[in-house]
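Number of protein chains: 2
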Amino acid sequence: MKIEHLISQIHQKKSFLCVGLDTDLEKIPQHLLEDEDPIFAFNKAIIDATHSFCVAYKPNIAFYEAYGLKGWKSLERTMAYLNDKHPEIFTIADAKRGDIGNTSTRYAKAFFETLNFDSITIAPYMGKDSVEPFLAFEDKHTILLALTSNQGAFDFQTKKVNGGELYKEVLKVSKSYTNAERLMYVVGATKATYLKDIREIIPDSFLLVPGVGAQGGSLQEVCAYGMTKNVGLLVNSSRGILYASTGDDFAEAAANEAQKIQIEMEVELGKIHK
Amino acid sequence: MKIEHLISQIHQKKSFLCVGLDTDLEKIPQHLLEDEDPIFAFNKAIIDATHSFCVAYKPNIAFYEAYGLKGWKSLERTMAYLNDKHPEIFTIADAKRGDIGNTSTRYAKAFFETLNFDSITIAPYMGKDSVEPFLAFEDKHTILLALTSNQGAFDFQTKKVNGGELYKEVLKVSKSYTNAERLMYVVGATKATYLKDIREIIPDSFLLVPGVGAQGGSLQEVCAYGMTKNVGLLVNSSRGILYASTGDDFAEAAANEAQKIQIEMEVELGKIHK
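Protein chains in written order, with numbering that gives the first Met the number 0: chain A, 0 to 273; chain B, 0 to 273.
Among the clues, some could well be false.
When chains are identical, the list treats them as one kind, so a pair holds in a single copy or across two.
With a cut-off of at most 25 Å between alpha-carbon atoms, the simulated DSS-like pairs for lysine-lysine come out as follows [said to hold, decoys possible]:
| no. | residue 1 | residue 2 |
| --- | --- | --- |
| 1 | Lys158 | Lys174 |
| 2 | Lys108 | Lys26 |
| 3 | Lys69 | Lys108 |
| 4 | Lys26 | Lys171 |
| 5 | Lys1 | Lys84 |
| 6 | Lys159 | Lys43 |
Read the hints as simulated data drawn from the structure, not as lab findings.
Could you put together the complete structure from these sequences and hints?
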């Protein structure tokens with residue numbers, strides 16, 4: 000998907016919400032477990048209920064791999080459904096991969112071609128030749144981990160390198176990679192004030208922001224520091240939407256939750272044009 | 000697998016060779032493509048031919064994921080075969096995963112329980128709470144990327160943090176993680192002289208060393224700087240063994256190549272007792 004298409008979708012739907020498909024058999028409504036593919040049945044219901052309020056879906060690959068072959072099949076079916084019914088929606092493989100060149104190419108093919116995702120999250124530790132194989136794919140996007148929202152982010156990401164924090168070094172160095180215009184970055188919302196510094200290094204790049212809602216981040220703060228004239232933000236919510244209700248009304252509850260966020264986002268988008 | 004068991008296997012076989020199962024349909028002998036599962040057929044032949052000369056197998060997960068459902072099935076069959084026929088051999092999921100806590104737990108279950116691997120490679124960028132969920136599994140081992148053998152290693156891993164390189168900070172910080180005794184580390188052989196410094200920080204930990212052979216590292220140098228009284232080394236070779244021949248004699252050629260390395264390793268092991 001071209002980035003212009005994503006931006007146009009955001010303005011059309013007045014939303015930059017990404018719904019994280021962290022589908023957990025222990026949390027989905029019990030009656031779905033009778034289905035021959037409960038993970039897909041749940042995802043389909045969630046997608047049908049929420050697609051008007053969001054512009055992206057982000058399956059967390061670990062949740063599918065944990066179930067082995069069955070989980071991989073549910074992921075394939077979910078992606079086939081999204082690509083068929085909602086090709087206008089941006090898809091993110093939350094995979095956090097990263098390996099040496101020919102191995103990264105394999106992962107890129109798996110997610111960009113076999114599963115036809117629009118983008119994938121990547122860990123930066125192995126550097127340039129682990130990231131560039133993903134960047135080689137036209138109209139696909141590589142979302143590099145910069146500053147994550149977990150406690151462990153302080154172990155290495157915020158340590159000083161060349162006078163600035165490691166995550167800033169990641170932002171700076173990655174700008175020189177071939178096809179760097181296809182890069183986006185993960186920046187956790189629990190550290191919204193960091194976004195000001197980040198925007199000085201990457202003024203235009205799209206940021207994928209987890210950690211709003213359940214993890215304690217504020218949408219308004221994220222927008223105040225991180226929004227650009229082309230929006231430049233995808234804000235993710237997973238558990239807050241998926242498990243808004245665990246009863247028969249789970250899809251309706253998910254839709255309500257997504258709409259609530261969409262309405263807040265509409266207010267923030269209104270500020271761009273002022 | 001307990002570490003003592005791995006060490007005893009090394010002494011028994013006089014080898015600390017790990018064979019990387021980077022199985023590539025474009026490189027395996029053409030006649031195997033007629034098999035209903037060519038990846039498994041190739042792996043089985045390689046395992047049957049090389050198991051006397053090695054103590055570990057390391058499927059590179061990307062090579063399986065690239066083929067979607069089929070690839071995942073080949074991986075499951077390969078692991079079932081290894082666990083059934085050669086439970087004494089140490090298995091490594093070369094997955095380079097790493098995510099926030101509950102997601103890491105999912106990956107740990109996928110590889111340690113569903114697939115029954117003995118160990119997995121993990122990227123350190125997200126810190127403590129992304130690594131500890133893997134360390135929670137008894138008799139399983141977490142192999143943290145420290146210094147990789149690719150060019151991109153110089154982007155971040157060798158940058159100065161707290162007066163030392165980032166990879167040293169990874170070694171130091173990770174030593175404080177809960178169950179740190181279950182950690183091993185990836186250290187590329189193309190930088191064997193770095194091993195001296197590394198051994199000052201982690202004198203006893205096992206190192207998984209890629210980059211010997213095809214990638215240019217020297218086994219003798221790796222042993223000179225990295226070997227401990229309990230060996231402390233697993234040296235990997237993938238392409239050099241798997242694709243020693245692309246003809247009908249591929250398995251025999253792989254065995255010869257593996258044996259050649261085993262013989263060199265026997266010499267190095269002999270030096271421990273001096």
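Each hint tested on the structure:
no.: 1; hint: Lys158 <-> Lys174; result: both (20 Å within a copy, 17 Å between copies)
no.: 2; hint: Lys108 <-> Lys26; result: between (31 Å within a copy, 17 Å between copies)
no.: 3; hint: Lys69 <-> Lys108; result: both (21 Å within a copy, 14 Å between copies)
no.: 4; hint: Lys26 <-> Lys171; result: neither (40 Å within a copy, 38 Å between copies)
no.: 5; hint: Lys1 <-> Lys84; result: within (18 Å within a copy, 50 Å between copies)
no.: 6; hint: Lys159 <-> Lys43; result: neither (44 Å within a copy, 48 Å between copies)
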